[in-house]
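Chains as they are written, first to last, in my numbering: chain A, 88 to 243; chain B, 324 to 729.
Since the hints were derived computationally from the structure, they do not count as laboratory data. These numbers come from a predicted model, not from an experiment. Each hint should be verified, as a subset may be incorrect.
As the list claims (entries may be wrong) - Pairs of lysine-lysine residues, derived as DSS-like cross-links and limited to a Cα-Cα distance of at most 25 Å, are as follows: (1) B:Lys650 to A:Lys179; (2) A:Lys179 to B:Lys382; (3) A:Lys196 to B:Lys604; (4) A:Lys179 to B:Lys633; (5) A:Lys196 to B:Lys584; (6) A:Lys179 to B:Lys518; (7) B:Lys518 to B:Lys382; (8) B:Lys540 to B:Lys445; (9) B:Lys602 to B:Lys650; (10) B:Lys650 to A:Lys196; (11) A:Lys196 to B:Lys540; (12) B:Lys368 to A:Lys179; (13) B:Lys665 to B:Lys650; (14) B:Lys443 to B:Lys418; (15) B:Lys517 to A:Lys196; (16) A:Lys196 to B:Lys418.
Claimed, not checked - Residues on chain A that point at chain B, a partial pick, calculated with CB under 7 Å: (17) Phe109; (18) His176; (19) Gln183; (20) Arg185; (21) Gln199; (22) Asn203; (23) Arg229; (24) Arg230; (25) Leu233; (26) Trp238.
To be verified - So the derived list for chain A, only partly shown, Cβ under 8 Å to chain B, looks like this: (27) Asn216; (28) Ala219; (29) Pro231; (30) Leu241.
All residues carry an ideal CB built from backbone N, CA and C; glycine is no exception.
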Amino acid sequence: MSEELDFYKQVKKVYRQLLLLFSLFVIAGGTLVYYMVNPEFFNFQKVPEVAVVVEELDPDRIENGIHVETGFIDAEGMMTVVRNCTACHSSKLILQNRMNAERWNATIKWMQQTQNLPDLGKNQEIIVNYLATNYPPVDTGRRPMLTNIDWYELEQ
Amino acid sequence: MKRRSFVKKATLSSFATLIGTEIIFGSKIMDGYIPLALQDPDPFKMFNKNKEMVVLNDKPWNIEAQAHLLDDEITPNSCMFIRNNGLIPENIDVKNWVLKIDGESVVKEKTYTLAELKSKFKQYTYQLTIECGGNGRSEFNPPAKGNQWTVGAVHCASWTGVRLRDVLEDAGIKSNAVYIGYHAADVHLSHDPKKEPISRGCPMSKALQDETLIAFKMNGEEIPLVHGYPLRLVAGGWPASVSGKWLNRISIRNIIHDGEKMTGDSYKVPCKPIAPGEKIKDEDFCIIESMPVKSLITYPKSGAIINKGKALNIRGHAWAGELEVTKMEFSIDYGSTWKVCKVEKPKNRLAWQHFTASIDFPQTGYYEVWAKATDSNGKAQPMLLPGWNPKGYLNNACHRIAVKVK
Chain A
88 MSEELDFYKQ VKKVYRQLLL LFSLFVIAGG TLVYYMVNPE FFNFQKVPEV AVVVEELDPD
148 RIENGIHVET GFIDAEGMMT VVRNCTACHS SKLILQNRMN AERWNATIKW MQQTQNLPDL
208 GKNQEIIVNY LATNYPPVDT GRRPMLTNID WYELEQ
Chain B
324 MKRRSFVKKA TLSSFATLIG TEIIFGSKIM DGYIPLALQD PDPFKMFNKN KEMVVLNDKP
384 WNIEAQAHLL DDEITPNSCM FIRNNGLIPE NIDVKNWVLK IDGESVVKEK TYTLAELKSK
444 FKQYTYQLTI ECGGNGRSEF NPPAKGNQWT VGAVHCASWT GVRLRDVLED AGIKSNAVYI
504 GYHAADVHLS HDPKKEPISR GCPMSKALQD ETLIAFKMNG EEIPLVHGYP LRLVAGGWPA
564 SVSGKWLNRI SIRNIIHDGE KMTGDSYKVP CKPIAPGEKI KDEDFCIIES MPVKSLITYP
624 KSGAIINKGK ALNIRGHAWA GELEVTKMEF SIDYGSTWKV CKVEKPKNRL AWQHFTASID
684 FPQTGYYEVW AKATDSNGKA QPMLLPGWNP KGYLNNACHR IAVKVK
């Protein structure tokens with residue numbers, strides 16, 4: 088009887104061990120299959136996701152009378168200036184300058200002679216008219232006053 | 324489809340819509356990488372510049388300092404102005420970078436790798452003042468065409484390199500040599516490979532000076548890309564355009580160099596004084612050489628409010644092109660009276676000099692502190708704009724700051 092019981096116990100032990108082994112096998116196999124399907128699951132390093140907000144902005148929108156993209160004053164001929172002048176250089180170069188029609192024309196001629204600017208045809212008059220009207224020279228005298236002073240308490 | 328890869332593919336296709344072209348190898352782009360075309364072209368990050376620097380132009384890049392940003396004795400990269408004529412070269416291959424010496428007046432054409440330049444010739448370090456010829460242009464009336472620099476297109480950094488003279492002599496200089504002209508790797512705005520954005524130079528006498536360097540270090544480190552990495556000519560005291568960036572060739576010329584921006588009216592002023600707005604012929608222009616005497620109050624920043632009875636300590640720098648500053652003065656009454664500042668000797672020839680003064684104000688109110696430097700030839704800065712010239716160069720009028728005493 089005790090021998091039978093002993094045998095029964097041993098079989099049960101082997102059965103348990105086999106069951107454990109089998110379960111482990113099933114878990115490992117399952118994990119592997121899951122990994123194959125979804126490899127990122129085990130990537131515990133947090134990968135920052137790049138959120139891309141695609142704003143649908145009109146490149147030619149005007150705010151407070153200013154063309155946002157370039158900073159130009161919205162007036163007759165502006166888009167001709169945008170199309171012809173800002174391909175090679177920044178609008179900032181134009182915005183800094185103040186000239187009369189004669190000198191804007193001379194500047195265009197200089198760009199054609201030295202900077203590969205092609206003939207502008209009818210557009211030249213539109214461009215120069217826009218620039219001379221909206222960016223004319225201002226008389227600043229022999230020495231301008233200090234302006235836009237940013238006052239602050241100096242710690243001494 | 325896997326969620327992440329779907330997100331990635333969707334993201335890339337929206338990139339493609341934005342850029343207007345397919346992104347080749349898009350699926351191989353690393354996670355978290357943003358294509359260059361979409362990067363915010365923040366010049367302050369891109370060039371490691373102080374946020375208070377002022378962008379005048381972004382194509383090409385032209386950025387200037389404000390007076391108070393130039394307070395350091397040796398200007399750090401963060402506060403150095405940028406004046407580019409073309410586009411910054413891309414994909415610089417330092418291993419294969421060579422400097423070629425050629426021209427009508429070279430004895431034997433030679434090329435040097437960076438390693439050869441560094442090992443073959445003795446290295447020198449100098450503090451050198453470099454000022455844009457058009458610094459101060461914004462004040463001219465009638466206005467002059469170009470970038471409207473105010474006061475910040477000047478710096479004095481520490482440059483390390485080999486003497487241009489040593490390299491030129493190694494290749495050999497013929498007796499008929501009159502000028503050197505530099506050539507560089509930057510790209511013309513029109514992308515025309517046959518055009519150079521700028522190719523200037525200087526007479527042999529300047530080229531052969533001890534302080535004229537072929538530099539490869541700035542403030543002890545490799546020159547930042549925007550300032551000419553890996554090689555830059557540095558000619559202190561002359562218009563900054565002589566100090567060519569991204570240097571790859573120097574021609575020893577038997578004529579005055581006729582490269583881009585050496586001809587016409589570029590970096591030239593009327594040989595004889597003219598009336599404001601007057602027009603003159605190209606042949607009546609003379610090339611700018613040494614820059615004129617000038618100074619900047621770098622502390623305090625304009626707009627300081629102080630209490631009555633407290634002295635105001637000011638400081639700044641003064642320079643005089645090829646010459647030295649021998650006297651530095653300030654005025655708080657628009658030039659009626661001048662008081663002397665303490666001014667140091669330059670660290671080396673062509674380095675700017677530091678000045679200090681302590682100012683007592685007689686009563687409360689609005690003041691302007693004007694600074695005036697005098698050079699070793701006795702020439703001082705004018706309080707009004709100097710002679711008008713068509714391109715608006717060489718404005719060395721006194722710098723001033725506003726102060727309120729309460």
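Hints versus structure:
Our distance criterion of 25 Å between C-alpha atoms is broken by Lys650 (chain B) and Lys179 (chain A), whose separation comes to about 39 Å. Straight-line distance between C-alpha atoms of Lys179 (chain A) and Lys382 (chain B) comes to about 8 Å, which keeps the hinted pair within the 25 Å bound. A hinted pair counts as satisfied when its Cα atoms are at most 25 Å apart, and Lys196 (chain A) with Lys604 (chain B) qualifies at roughly 16 Å. Among the hinted pairs, Lys179 (chain A) with Lys633 (chain B) is inconsistent with the structure: their alpha-carbon atoms are about 43 Å apart, more than 25 Å.
At roughly 16 Å between alpha-carbon atoms, Lys196 (chain A) and Lys584 (chain B) fall within 25 Å of each other, so this suggested pair holds. Between Lys179 (chain A) and Lys518 (chain B) the alpha-carbon distance is near 23 Å, which keeps this suggested pair within the 25 Å criterion. Between the alpha carbons of Lys518 (chain B) and Lys382 (chain B) the distance comes to roughly 17 Å, so the proposed pair stays at or under 25 Å and holds. Between Lys540 (chain B) and Lys445 (chain B) the CA atoms are separated by roughly 14 Å; this keeps the pair inside 25 Å, and the hint holds.
A hinted pair counts as satisfied when its Cα atoms are at most 25 Å apart, and Lys602 (chain B) with Lys650 (chain B) does not qualify at roughly 36 Å. This hinted pair does not check out: Lys650 (chain B) and Lys196 (chain A) have alpha carbons roughly 45 Å apart, beyond 25 Å. Taking the CA atoms of Lys196 (chain A) and Lys540 (chain B), the gap is near 40 Å; set against the 25 Å cutoff, the hint is violated. For the hint linking Lys368 (chain B) to Lys179 (chain A), the alpha-carbon distance of about 20 Å falls within 25 Å, and the restraint holds.
Between Lys665 (chain B) and Lys650 (chain B) the CA atoms are separated by roughly 8 Å; this keeps the pair inside 25 Å, and the hint holds. Taken as a hint, the Lys443 (chain B) and Lys418 (chain B) pair is honoured in the structure, with Cα atoms around 16 Å apart against an allowance of 25 Å. Pair hint Lys517 (chain B) plus Lys196 (chain A) holds up; C-alpha atoms about 20 Å apart against a cutoff of 25 Å. Restraint check: the Cα-Cα separation between Lys196 (chain A) and Lys418 (chain B) comes to about 42 Å, which exceeds 25 Å; the hinted pair is violated.
Because the beta carbon of Phe109 (chain A) sits about 31 Å from the nearest beta carbon in chain B, more than 7 Å, this interface hint is broken. For His176 (chain A), the shortest C-beta to C-beta distance to chain B is roughly 5 Å, which falls under 7 Å, so the interface hint holds. The interface hint given for Gln183 (chain A) holds, since its Cβ lies 4 Å from the closest Cβ of chain B, which is under the 7 Å cut-off. For Arg185 (chain A), the suggested interface contact is upheld, since its CB lies about 5 Å from the closest CB of chain B, less than 7 Å.
With 7 Å as the threshold, the beta carbon of Gln199 (chain A) stays out of range of chain B, its nearest partner Cβ sitting at about 12 Å, so the hint is violated. At about 4 Å, the closest approach between the beta carbon of Asn203 (chain A) and any beta carbon in chain B falls short of 7 Å, and the interface hint on this residue holds. This hint holds: Arg229 (chain A) has a C-beta 5 Å from the nearest C-beta of chain B, less than the 7 Å allowed. The beta carbon of Arg230 (chain A) is positioned within 7 Å of a beta carbon in chain B (closest approach about 5 Å), and the interface hint is therefore held.
Because the beta carbon of Leu233 (chain A) sits about 5 Å from the nearest beta carbon in chain B, less than 7 Å, this interface hint is met. Annotation: interface hint on Trp238 (chain A) holds; nearest CB of chain B at approximately 5 Å, less than 7 Å. The interface hint given for Asn216 (chain A) is broken, as the beta carbon of that residue sits about 18 Å from the closest beta carbon of chain B, more than 8 Å. About 13 Å separates the beta-carbon of Ala219 (chain A) from the nearest beta-carbon of chain B, more than 8 Å, and the hint is not met.
For Pro231 (chain A), the interface hint holds, the least distance from its beta-carbon to any beta-carbon of chain B being 6 Å, beneath 8 Å. Residue-level restraint check for Leu241 (chain A) holds (minimum Cβ-Cβ distance to chain B is 4 Å; threshold 8 Å).
In the structure shown, a violation is registered for the earlier hints numbered 1, 4, 9, 10, 11, 16, 17, 21, 27, 28, in ascending order.
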